[in-house]
Structures are given as structure tokens and as C-alpha cells.
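What follows is each chain in one-letter form.
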Amino acid sequence: SQQGEEDPQALSIQEGENATMNCSYKTSINNLQWYRQNSGRGLVHLILIRSNEREKHSGRLRVTLDTSKKSSSLLITASRAADTASYFCATDDPRVYFGTGTSLTVIP
Amino acid sequence: DTGVSQDPRHKITKRGQNVTFRCDPISEHNRLYWYRQTLGQGPEFLTYFQNEAQLEKSRLLSDRFSAERPKGSFSTLEIQRTEQGDSAMYLCASSTRWGLAGEEQFFGPGTRLTVL
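Line by line, the protein sequences give chains A and B.
Straight run, no breaks: the first sequence in our numbering ends on number 253.
Straight run, no breaks: the second sequence in our numbering ends on number 108.
Just chain B, same shape as in the assembly (with noise of 0.2 Å):
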């Protein structure tokens, strides 16, 4: 079991720019989920799959974010025309989720994102 990879680890880029981050989840999970975290914060919840569809989106998923989990196994999230604001650790994590049992996500590492 490999666990939860984000990749790239970091990223730095100039704002107006595109980027691209991509989350391979443990291979059985069926839910993904990503956040964003900033500094001295609690990880903020973005959006979640649950095999390839997604279930929910959050406010703070603007016009310029979107994610996709075309096969139902691993994730892209893509900003496009990043602004300084978008700089954020940004987190993936999975999970299986049967019936209305709670469950533990795994996280990834994460991707650090930094728009100059």
C-alpha cells in the first residue's frame, strides 16, 4: 500500500498562469476529496467524489478551480488564471465510504502552491 500521493510536491508559478495538480488515492477507495489549507488553518473542504462523480462543491470553489476524476481513480484539480490568494498547501485524501458509517481519510502530502 503506497498511500495517498499528491503530485507535484510544490509549485510555484506567476499569477495569470494555469496549473494543474494531480492526487492518486489508495487504490480501493471509492471517495476523494480535496482541500486547501493555508497557514495556521484548519484544512478547508473543496470538493469530494465518490467514484467519478462529484457529489459536492464548495463556495469557495470558484469559476477558476475545477476538479475531475475521469475513471474514478486518480484526480485533477486545475486553477486556471491563478491570483496571489490561490497560494495554499493543497490537500487530497480518500477514503471508503459504505453506507452511513463515518470513516478515516488518508491524506496526501500535499501540493504547495505558491503564485508570485
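Just chain A, same shape as in the assembly (with noise of 0.2 Å):
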């Protein structure tokens, strides 16, 4: 069964906005991830945080990780019509197992 699970389901903004969406996981883990995936480009992986880390950056994303919470959050920032994706978390405890997604519209 998959161990992560993103909120919202659904999240629709408009262009420049900031998107924000959290990851609740259920065990301990070695390191959680975040992929997007949209038609064009199938999976792609965005950013990596290890679990004695709280705060990590790469370009627009923002990923927080709360160990005591079993929980994450992306951030992005200036979002782009190009941010139009599903985006899924991903824990590693060493299995690796994907959320149910949030599927993220940008309203040009």
C-alpha cells in the first residue's frame, strides 16, 4: 500500500502565485522525495531531503520535513503555467513508496 499521502488532492492557481502542498508518511524513513509527472515528461524527481534535515531549497522549490509530524511540504514559488503536473511525495525507509499525488493547475 502506498505510505505517503498529499493535500490537497487538487490545487488550481493562478500564474505567479505560490503553490503550497504537504506530504503526511506513516513510518520512519531514510530520506524523502518529491517527482512530478505531467503527459509530457513522464516522472521527473525534484528535490531530495534526508531525514536530519528540516529545510531544503532548489531553485523555486522549498521542501520542509517535520520527522516528529511524519510530514513534508513543497513550496513553489512564482509558479509557471509549466508547474501544471501531478506531484507526488516519496519515502525511502529503504522501500521506496510514491503518495496518492496533488495535481497542481496554473492558470496562465
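Just so you know, not all the hints are guaranteed correct.
Said to hold, decoys possible - DMTMM-like cross-link-like pairs, simulated, lysine to aspartate or glutamate; straight-line CA separation at most 20 Å: (1) LYS171(A) with GLU36(B); (2) LYS201(A) with GLU96(B); (3) LYS214(A) with GLU198(A); (4) LYS171(A) with ASP152(A); (5) LYS63(B) with ASP16(B); (6) LYS201(A) with GLU36(B).
Don't read these hints as lab results, they were simulated from the structure.
Nothing here was measured: the structure is a model prediction, and the numbers come from that model.
Two independent chains are provided; combine them into the complex using the hints.
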């Protein structure tokens, strides 16, 4: 079964706004990763955060991890239409389990 | 670097037939994963290999499913006596794994299976 659960399931924002999506998981992990999936490019890795890290940045992406709450968040700043995709968190314990995903729509 | 490739990209079969999918990982990657994804869901872990050794199989992988990676390079996933519930996208991913460091997985485009 899938370990992660993203929230919200769907999110629609205007271009230029920030998008925040959350992930909750059930068991202890070594790492947590975020992936993006769209019809054009398939599943693409965005960022990995280790269990001993609390925050990580990559370009317009900011990821936080709270292992005490077993949760993570992904913030996309200054969103673009090209960010329209489904976003998944994946936990590594060491099996890799994906969540159910957040469908993000960025309206130009 | 050609990335992870999968063949075929689409497969339509009749219930009860056997199908086989192939995955070619990135050449220097020692780990290879198989996932299944249905509409509106995230990828579900099926199995993974470290080199040629199959280290773990999900309970989702019934007796009708078998995966191999005979020389630690490409892998095949076979489904015997297909059922309509097997219809899904089958994804392959590869990565390098050294020690306990996490790794990025590189995904192939997937094989979409439709069982009639």
C-alpha cells in the first residue's frame, strides 16, 4: 500500500502565485523525495531531503521535513503554467513508496 | 545518456494471454525498480533489483507476475494469464545506491497495458 498521502488532492492557482502541497507518511524514513509527473515528460525527480534535514531549497522549490509529525511540504514560488502537473512525495524506508499525489493547475 | 527506456510503450492483449515488458536502465545504475500506476493514483511499488538480485517483492506482485534481471542490466516483467485488473501503466526506474544515501530514481516512459 502507499505510505504517503498528499494534501490537497487538487490545487488551482493563478500564474505567479505560490503553491503549497503537503505530504504525510506513516513510518520512519531515511529520505523523502518529491517528484513531478505530467503527460509530456513522465515522472521527474525534483528534490530529496534526508531525515536529518529540516529544509532544502532548489530554485523555486522549498521543501520542509518534520519527522516528529511525519510530514513534509513542497512550496513552489512564483508558479508558471509549465508547473501544471501532479506532484508526488515518495518515502524511502528503504522501499520507495509514492503518495497519491496533488494535481496542480496553474492558470496563465 | 539515453535515459531509461521501456518496450513496448503500449500493449493491448486479451484476457488470459501472457505479456512481457522490457526495461533498459541507465547503464551505470545498479538498482532497478518496477512500479504499477493506475489512473489518479501514484506509482505502486512492485519489486526492485540490486544488480541481478531481486531484493524485494510487493504483496501486489501475485504469482502471475515474475521479474528478472539476469545479467544485472536490462530487466523483464512478465504477467501470465492476464486479467482486466492488470490494465495499468507499468513504470521502470533505475538509480545508483551506495551505502545508506538516498538516491534519485530516473523513470522510463512506461508501458501502458490494456487487457480486453
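Right, here's what the structure says about each hint:
1. LYS171(A) with GLU36(B): At roughly 16 Å apart (the allowed maximum being 20 Å), GLU36(B) and LYS171(A) satisfy the hint.
2. LYS201(A) with GLU96(B): holds, 15 Å
3. LYS214(A) with GLU198(A): holds, 14 Å
4. LYS171(A) with ASP152(A): Given that 20 Å is the threshold and the Cα spacing comes to 15 Å, the pair holds.
5. LYS63(B) with ASP16(B): Status holds; Cα separation ~12 Å.
6. LYS201(A) with GLU36(B): violated, 26 Å
The structure shown violates just one earlier hint, number 6.
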